[in-house]
Amino acid sequence: MSEEFDDFIELVKSNDRKRLGEFYILNKYKFIGWARKRFDVDEDTIVDVYQDAMVTLYQNIMDKKVTEFSVAPAAYLFGIGKNIMLKRNLKSNRVKLTDDISTEGTQALDYEIYDKIEDDHRSKLLKDALYKLKGNCREILRLFYYERNSIESIMLKMNYGSVQVVKTRKNQCMNKLKEIFAQSNDI
Amino acid sequence: MSSTKDIELFDRYLHQQMNDQEIKEFESRLKNNDQLKEDFHLHRDAIKTIKSEKNKELKSFFQNIDNENKDRLVAERPTLPREDKIPKAKVFNLTKLLSSIAAALIVLVAATFLFRSANSTNYSDQYFSPYPNTIVKLERSSDESTELQDIMRMYQQRNYEAAIPKFKEYLQANPNDDVTLYLAIAQLANGDHEASINNLKRLTNIAQYEYKDAAYWYLALSYLEDGQKENAKNILSEIISRKQEFKKKETEEILKSI
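Protein sequence lines, in the order shown, are assigned to chains A and B. Going by this note's numbering, the first sequence opens with residue 19, and the numbers climb by one from there. Going by this note's numbering, the second sequence opens with residue 103, and the numbers climb by one from there.
Because the hints were derived from the structure by calculation, they are not lab data. Misleading hints may appear alongside valid ones.
Claimed, not checked - Straight-line C-alpha distance at most 30 Å; calculated DSBU-like pairs for lysine-lysine:
#1 150/B - 142/A
#2 145/A - 156/B
#3 350/B - 82/A
#4 161/B - 175/A
#5 36/A - 358/B
#6 314/B - 303/B
#7 270/B - 331/B
#8 105/A - 145/A
Claimed, not checked - Covered, in the sense of this in silico footprint (three residues per stretch, anywhere, with C-beta under 8 Å from a C-beta of chain B), are these stretches of chain A:
#9 63-70
#10 140-146
#11 152-159
#12 188-199
Idealized CB from N, CA, C, for every residue including glycine.
Please build the complete structure, drawing on both the sequences and the hints.
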């Protein structure tokens, strides 16, 4: 198992879950050890933050907000975890005194990785609409908006005949999602 | 609904592909056109939902990794008091112990990954891992649980023997193909291959089934476990020809080995 993960950005882009799992496990207890010394919180909370840090890093790589690392990926991940801890106003014991984790480059990332208000009516209807999409619509939308694949790349992956067909299909799917949302919103 | 032109405009704006002049013009249009503004906000929120759902699935993947290792850890790992609440003299030993356990865990997990590709013919041992829970949210702090949440907790804890009758009971009252997938996986893990094959075969035949990739994969494993190699080969070949990404590498590995 490689401990370096120099190719972490490529690993994320290729959605290599096996190696992502290795990276997750490899750094999990280091993060717990680091956080326990600095934050007055239980281990479940630390693990929750660690998982959210992983998801945050993943999404920001997908969104091309992280395109390279100035430090090792694990150090960058810890910086994100530290930011999440601070954003959640978790009580810090000694973070200012013995701060060995830099948050440089991680402050401007997008930390809204889940819907802001889980129970928000609009979010719920949109989520329901997403799951009501038929055919390969959800896959196309996922590839374009989440994985940020180009139209051409989607054409190759999904075996479409032309770029124009993919474009049209993607726009139809987006409109279908909005249409299902609008119908349920009117009820 | 939005026109093609507007959708592409929204995407270019949100993907930061506009130059300063285009941004200025677009924002000015938004300011003066309420309908466009409403369309844009819906477009932006729809994308947020797509991302949010994928992120939840990713978090479940990490939680699943933890659950897979939990049983082993419970036996091995002592309850660790907070560092500032334990006598100073013990801090070093506990830290050392924690490090040792962490190291052991890493070795254990690494070994699991490395030995997956070994030449064993016990496919389930090598390739089976339960499909992550993507159907219900399991709140750690919630006092009240729904029936399905309780069942999915059993599933996540790999308590398949207890989960199977509960799944069946639940499905009798609330037929649901997504939940059936988890029942079938529990049946596969529990050695009831005939039942898992029957359930999974039905799921793979549903035209617009959301979890078709998973259904194909677990059906192939069920056939392998049941000794039906030809059927397993057919399903694995189907996985390849469907160009599905889920378990693609594992499918190729198994196809080479049988």
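Against the structure, the hints:
no.: 1; hint: 150/B - 142/A; verdict: 12 Å, holds
no.: 2; hint: 145/A - 156/B; verdict: 11 Å, holds
no.: 3; hint: 350/B - 82/A; verdict: 26 Å, holds
no.: 4; hint: 161/B - 175/A; verdict: 25 Å, holds
no.: 5; hint: 36/A - 358/B; verdict: 19 Å, holds
no.: 6; hint: 314/B - 303/B; verdict: 10 Å, holds
no.: 7; hint: 270/B - 331/B; verdict: 28 Å, holds
no.: 8; hint: 105/A - 145/A; verdict: 26 Å, holds
no.: 9; hint: 63-70; verdict: holds (count 4)
no.: 10; hint: 140-146; verdict: holds (count 4)
no.: 11; hint: 152-159; verdict: holds (count 4)
no.: 12; hint: 188-199; verdict: holds (count 7)
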